[in-house]
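Could you slot chain E onto chain C? The hints should help.
Residue numbers (the working numbering), protein chains in the order written: chain C, 229 to 445; chain E, 229 to 445.
Do not rely on the hints blindly, as some may be mistaken.
Claimed, not checked - Listed next, the in silico DSS-like pairs over lysine-lysine satisfying Cα-Cα at most 27 Å (straight line):
#1 E:K230 / E:K399
#2 E:K230 / E:K293
#3 E:K278 / E:K399
#4 C:K370 / C:K278
#5 E:K399 / C:K293
#6 E:K370 / C:K293
#7 C:K293 / E:K293
#8 C:K230 / E:K293
#9 C:K230 / C:K370
#10 E:K230 / C:K293
#11 E:K399 / E:K255
#12 C:K230 / C:K293
#13 C:K417 / C:K293
#14 E:K399 / C:K370
#15 C:K278 / E:K230
#16 C:K293 / E:K278
#17 E:K278 / E:K255
#18 C:K417 / C:K230
#19 C:K255 / E:K278
#20 C:K230 / C:K255
#21 C:K370 / E:K278
It should be emphasised that the hints constitute simulated quantities derived from the structure, not laboratory data.
Computed from a predicted model, the values in this text were never measured in an experiment.
Number of protein chains: 2
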Amino acid sequence: MKDCLLVLSGGLDSTTMLYEYQSRIAKAVSFHYGSNHNDKEIACAALHCKRLGIEHQVIRLPFFKDVLHSSLLSGADAIPEGHYADENMHSTVVPFRNGIMLSIAAAMAEDSGLQYVMLANHSGDHAIYPDCRPEFVGAMSKAIEAGTYNGVQLWAPYTNITKADICRHGKALGIDYSETWSCYKGEDKHCGRCGTCVERREALAAAGINDTTEYQE
Amino acid sequence: MKDCLLVLSGGLDSTTMLYEYQSRIAKAVSFHYGSNHNDKEIACAALHCKRLGIEHQVIRLPFFKDVLHSSLLSGADAIPEGHYADENMHSTVVPFRNGIMLSIAAAMAEDSGLQYVMLANHSGDHAIYPDCRPEFVGAMSKAIEAGTYNGVQLWAPYTNITKADICRHGKALGIDYSETWSCYKGEDKHCGRCGTCVERREALAAAGINDTTEYQE
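Extracted from the complex, chain C is given alone in its bound form:
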């Protein structure tokens, strides 16, 4: 039964979720909020939805740049390099980004008669991003359930597993991760040095996947 709407960035995590739960996913939605890497990741999201025959909608949120501040919204040069868990990655936080995306996805699910909104947050996100933590996901699910006629709920099955675990799921599913996008800089190729590139490389290596991503170095 197709009763889910997936928030799909086109990155490694949500793309894995798209393939793993394709029998449940009626629709996927991607958000273009003015980050350097949105065009790159949304192109990947569109490719996978087309391949699987899943309806894909792209929503533009141009106001992000007008009212919110983050290095993610400030051009490639503003993106810090280093490890994903390091303090300098704090500059990439976009305030309550998941809250906004989940609210819009919940409205779309209610509008379409779908029961669940799926999100591919994972345990490695918890340290830096408060709106990826289990407490947030649980409270947000209750808010959405209370605020919709259909009692729409969140479903975030990767909340307590790691990015390497997600890659292991993807490996079993035969996903080609070179068809996903992570790099926050959003240039021609993955930079290989920003926090999300470092995290990507480590997770693929930990899962024993031959990483065919083209990196700048």
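Positioned in the frame of chain C, the structure of chain E alone reads:
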């Protein structure tokens, strides 16, 4: 101490809150989501913020019309007439509209270092709009608190009073309600017959206010 961001439509309820809590409100935000009456109500919101010297931001959400369905987004002729509490007013529900607006306001509050997002929902909204009910407001406040570094919270002091009570507050404050906009049709003058016009007239009358709003009839 100015530690609040108000979601201000320019209608009767949020305008009263703007005046009543002006000493706490650092900023107000209005959303243009493609409803017939957004232009009219946002012009009122801007007028009051200018008068009180409160910063006012307008955020456009053009995607509402693309992905959500409601008579409120379908032109003046689609708006039903009758009592606000009647079943026909269900067509004016915009799925999870408050959830979306509150999420964006929460992001802005976090970005600006403000502690509270204020919402002017009241007890008369509960029947029709699930995202105006106390259960929703409480759960959404917990979600926002968990999902922000600053632990932003919702503050909705009109949740358990009626629209007539709000008008009594406004009467004591000397608010001229002809400088607020309610009518969902959004034509030159208030139609006087749609659900929100009927509710407005009843509340002003119950508070003993001489209603100087220009109605079409």
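### Task
Check each numbered hint from earlier against the structure, then list the numbers of those it violates in ascending order.
2, 4, 5, 12, 14, 15, 18, 19 and 21
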